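2 protein chains.
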Amino acid sequence: MSGVELEKSTTIDLRKKHIGPSCKIFFSHEPIKIVQAKGQYMYDENRQRYLDCINNVAHVGHCHPEVVNAGASQMALLNTNSRFLHDNIVLFAQKLQSTLPEKLSVCYFVNSGSEANDLALRMAWQYTGHKDVITLQNAYHGHVSSLIDISPYKFHQMSSYEMNPRVHVAPSPDVYRGKYRRDHPDPATAYADEVKDIIHKAEEKGGKIAAFIAESLQSCGGQVIPPWATSKKWHVRKAGGIFIADEVQVGFGRVGTHFWAFQLQGEDFVPDIVTMGKPIGNGHPLSCVVTTREVAEAFMSSGMEYFNTFGGNPVSCAIGLAVLEVIEKEDLQGNALRVGGYLCSLLEKHKEKHPLIGDIRGRGLFVGLELVRDKHKLTPATAEAQEVIYRLKEQHILLSADGPHRNVLKFKPPMCFTKEDVDLVVEKIDNILTEIEHTLGMTNKQNVDNEGGKRKASET
Amino acid sequence: MSGVELEKSTTIDLRKKHIGPSCKIFFSHEPIKIVQAKGQYMYDENRQRYLDCINNVAHVGHCHPEVVNAGASQMALLNTNSRFLHDNIVLFAQKLQSTLPEKLSVCYFVNSGSEANDLALRMAWQYTGHKDVITLQNAYHGHVSSLIDISPYKFHQMSSYEMNPRVHVAPSPDVYRGKYRRDHPDPATAYADEVKDIIHKAEEKGGKIAAFIAESLQSCGGQVIPPWATSKKWHVRKAGGIFIADEVQVGFGRVGTHFWAFQLQGEDFVPDIVTMGKPIGNGHPLSCVVTTREVAEAFMSSGMEYFNTFGGNPVSCAIGLAVLEVIEKEDLQGNALRVGGYLCSLLEKHKEKHPLIGDIRGRGLFVGLELVRDKHKLTPATAEAQEVIYRLKEQHILLSADGPHRNVLKFKPPMCFTKEDVDLVVEKIDNILTEIEHTLGMTNKQNVDNEGGKRKASET
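Sequence lines, in order, name chains A and B. As numbered in our numbering, residues 1 to 460 make up the first sequence, in order. As numbered in our numbering, residues 1 to 460 make up the second sequence, in order.
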C-alpha cells in the first residue's frame, strides 16, 4: 500500500474501468468514499462522520479492537487449512454450539452465506434423496447459481429467467401486505397451509421435497416479521423434506430476545440445518452451516469429502470466537432488545402524525418502517423512501430501503447502536417525512397517490 | 481466546464431536496439530518443525510480515462492503490487471475459488445464452453444487451420482498416462480434436456450448502439464462458447516463466475469463474473476446486480495488494523458476536408479512425481506413494499425493522454497524409495506388480 489516498474522482474512474459494472454502489450519482469506521460510525475522506444504521455485518461495531486483535495476532502466528488439527476451529464450533439447541451440534465452516446455503442444499438433497425445494416469495439466499434459483428477490431482476422446475415459491408471510394479513383470523396457519398445498401440488407432478428454506425473518424481502407456525416444519417433514433456517442476516442476538431468530418460534422448534453468515466475523469472510449428527452422517455417506480451502482456518475462527465473546461481554443482545424496542416505540409515537408511515415492525435491532402513499390501499411510497434515504445521507445518516417495492426503510445497525443514535435518526426521519408530506400536500386523513419523489427505485 | 492450548487428544475429541465428518484431516490416524508457521516451515504443538512442500495457499510464505501488517492495519481502520468507494479495491484491481493481457480488464472480487468459478459459469451462460459446459476428466473446480457437476474428480467419489446432461467431459491432456501420449505425433491437436468431437456430439443432441473450463495445468488431476493447443479455444469459440482459464491453483508466478499458467500457451492466447483463488490472499479468503469488457457488459445486461457481501472489502484487497507487491519485490516468480527447475533436474538424476519413478513433470514450483510399479504398464504405485508421504511426515516433511490414482507426489510449496529445501526433500525421497524398492524386491530392470505398501489411498 502506498499510503497515499487517491482523489475521489480517480477512485471513481478506476472503479468504472476495473470493477464489474454489475457491482452497484450506494448513492450511485453521489457515492460516498469511506476511509475509516469505528463502532456505529463511518468516516469519509474528509473525516466527515456518518451514523451507520445499515451495516449489520459490522455486528459488534466497526473495527472492534478485540476482534481486530484476535485476527491480527492469529494472522501473524498461523493461517492454514483445516486439514491440520487446530484449537481455534474446535473452540469456535463448541462455543457456537452452546448458543444452539443441543441437536444442532455439527459445524461446517465456509467463507460466505452463499457457500453456506449452497452446502445446506447439497446436504438436504443427499439426506432426503429428493430434489425439490420450497422457498419464499421475495427470498434472497445468495449469489451462486444454485441460490439464484431459490431467490425470487434476485431472479425477478432478470429480463429473461427460466424458473427451475424443482423450485416452488410460497407466499411471503407478510401480515401487512401479504396474502394473509393481520385481520385474518389465523394468518400463521393460513401461510403454513400454503406450504402444505405446494407440497401436494409438487408431489402430484412427481416432485419430492428435499427442503423448505427460509430466513427466520425476511430481510431483503422487506423486514418481514412472520406469524409463527411450526406446522410448516411438520408439513415439510411429513413430505420427507428438511427445514433450513437461514440466519445469515438475522442471527447472533440481533432480535434481542433470543440469540437466533428461529428461536422466536418457541423452544421446541429446532431446524434441521441453520446457516450463518454476515455478522459472524464482523466483516471477515466467514460463514457456517450447523446441522444435526443425523444429517451430517448422511452427507458423509455420499462418499465425497468436503474440503473448503479457506473455511475454518485459524484466523477466521479466532475472529469468529472473538465476536461471540464480545456479544456476550458487552451484552449486545440485551442492547439490541433495549435499543431496538426504544426505536420501535419512538417510531410508533410518530406514526399517527405521518400519512406516509404505513407499518412499523421489528424485533430487536431488526426494524422495518414501511412507507405508503395510501394507508388503505397500501400503495408503496417507493420514490418517497428513496427521497428519505438521500436526504438522510445529506445529513450524514446511512439508511437503506428494501422489500419488493423498495419502500421499506431498513434498520439493521451495528449492535452497539444507542438510544441517542435512535433519537437522532428518528428526529431526522420525522423532519424529512414532514417536509415530503408537505410538498406532496399529504395530510394524515388523506394520502395522495401521485408520482411523488424524483429518484428512481434502483438507486440503493 | 483463552490463550491456553488444548491437549491434542482434546482437540481430536472436540473435532469429532463438532466438525462435519466429511471434512477430512491429513494423516487421519496420526494427525498433526500445527500451531505456528513461518515461510516454508510449520510447527507442531511441541515446536517441532516441518518442511512444507504442499501449502500453495501460503504463496509468499506462511505469515509473511508485510502481508500480515497490511491486513492487520486495514482491519483496525475499516472493513466494509464494496458499495462504498474505497481505494484498496481499485488499486488491487489495477495491479492485478497489469499482470494480465490488456483485454482482461474487469474484476469481480469474491471469497473463494468456488465462488469465482460459479460466477464464471454464470457469466458464460449469460454471455452466450447457451447452457452446455465442457470440462476435463479428473478436473476439480470447486465445492458448490454447480461446480461438483463439472468436477469429475469430485463426482466420481460419490456412490451414486447422476451426471448433469449439460456437462461434457473431455480427456485429460496427460501425455504420460492419458489417451494421447508423448509417443503420439501430435498429442496437442489430438486432444483439441477430442474437444471438437465433443462439441459436435453435444450439438447433435441439441446442446449449445457456453464454455470450456480448464485449469491451465491440472493439479488435483495429477500435476498434468498439457501439450499446448490454442485450437481448443478456437473450436469452443466457433461453437459460440467462451474459454475459462482456472488459475486458482497455478497462478501468481508459480510456473516461473510466466505470471499466469495460461501464458505458457503463447502471447496470443487470451482466455475470456480467468478465475483466481488460493494464493491470491496468502490464506485470507479472497478470490477474483477477471474478464473482458464485452463479457462484463453482457453479464450486466441480465439486469441482475452482483453483490458479494465480503467480496472486495478493504481488508481483503489490502492483503491481495500486499501479496502482489511481495511476489514482485522478492522475485518469487524468478525463485519458482530457479528452485523448481533445480527440483526437476535433481529428481531426473535419480530417475534411472528408481524403478518406482515413472514420470517427472513440472513448471516452476508446480511439480509432479508419478510413481508406478511398472514403467511399461504404468501400473499406479498408489500404496507406495502413500508410504512415501507417511515416511516423509515421520521425518517432518509435508508432501501429498494426488491424481486419479493418488500416485502422483505433488510439489506445490510456498514460493520462498529454497534449493537447500529441495536437497533435503529429494534426499529423503531417494532414501525412502530405495527402502521401499528393496522391501518389494524391485530392481530397475524389473518392476513388480503386487500389493506393496500397506496404507489406503483415501488417507490424504
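Careful: at least some of the hints might be erroneous.
Take a look, some chain B residues computed to stay more than 10 Å from chain A by CB distance [unchecked claim]: (1) ALA37; (2) SER82; (3) ARG83; (4) THR99; (5) LYS154; (6) GLY277; (7) HIS284; (8) ASN313; (9) ASP374.
Below, computed lysine-lysine pairings styled on BS3-like, alpha-carbon distance capped at 30 Å [stated by the list, open to error]: (10) B:LYS38 to B:LYS103; (11) A:LYS208 to B:LYS131; (12) B:LYS24 to A:LYS103.
Note that these hints are calculated values from the structure, not bench results. Note that the coordinates shown come from a computational prediction; the quantities given were computed from them, not determined experimentally. Just so you know, even glycine gets a beta-carbon here, dropped at the ideal spot from N, CA and C.
- Could you let me know if the closest chain A CB is still more than 10 Å away from the CB of B:HIS284? violated (7 Å)
Classify the label on B:ALA37 as holds or violated, using whether its beta-carbon is more than 10 Å from each beta-carbon of chain A. violated (5 Å)
| message | Checking one constraint from the list: CA of A:LYS208 to CA of B:LYS131, max 30 Å. Satisfied? | response | At roughly 25 Å apart (the allowed maximum being 30 Å), B:LYS131 and A:LYS208 satisfy the hint.
**OP:** Mind verifying the non-interface call on B:ASN313? Its CB should be farther than 10 Å from each CB in chain A.
**Re:** At about 6 Å from chain A, B:ASN313 fails to clear the 10 Å cut-off, so the statement is violated.
Margin query: Confirm or reject: B:ASP374 is not an interface residue toward chain A, with every Cβ-Cβ distance exceeding 10 Å.
Written below: holds (29 Å)
Would the non-interface assignment of B:THR99 survive a Cβ cutoff of 10 Å against chain A?
holds (13 Å)
Separation of B:SER82 from chain A, once the least beta-carbon distance is taken, above 10 Å
B:SER82 is in fact no farther than 10 Å from some Cβ atom of chain A, at 6 Å.
Report holds if the minimum CB distance from B:LYS154 to chain A is greater than 10 Å, and violated otherwise.
violated (6 Å)
Check your understanding: In terms of Cβ atoms, is chain A entirely out of 10 Å range of B:ARG83?
Key -> For B:ARG83, whose nearest Cβ neighbour in chain A is about 5 Å away, the distance does not exceed 10 Å, so it is violated.
ask   = Between B:LYS24 and A:LYS103, does the CA-CA distance stay at or below 30 Å?
value = Holds: B:LYS24 and A:LYS103 sit about 22 Å apart, inside 30 Å.
Exercise. Since B:GLY277 was said not to touch the interface, does its Cβ keep a gap of more than 10 Å from each Cβ of chain A?
Worked result: violated (7 Å)
Worksheet entry | Proposed proximity, B:LYS103 with B:LYS38 (alpha carbon, max 30 Å) | violated (37 Å)
Taken one by one, the earlier hints fail for this structure at numbers 1, 2, 3, 5, 6, 7, 8, 10, listed in ascending order.
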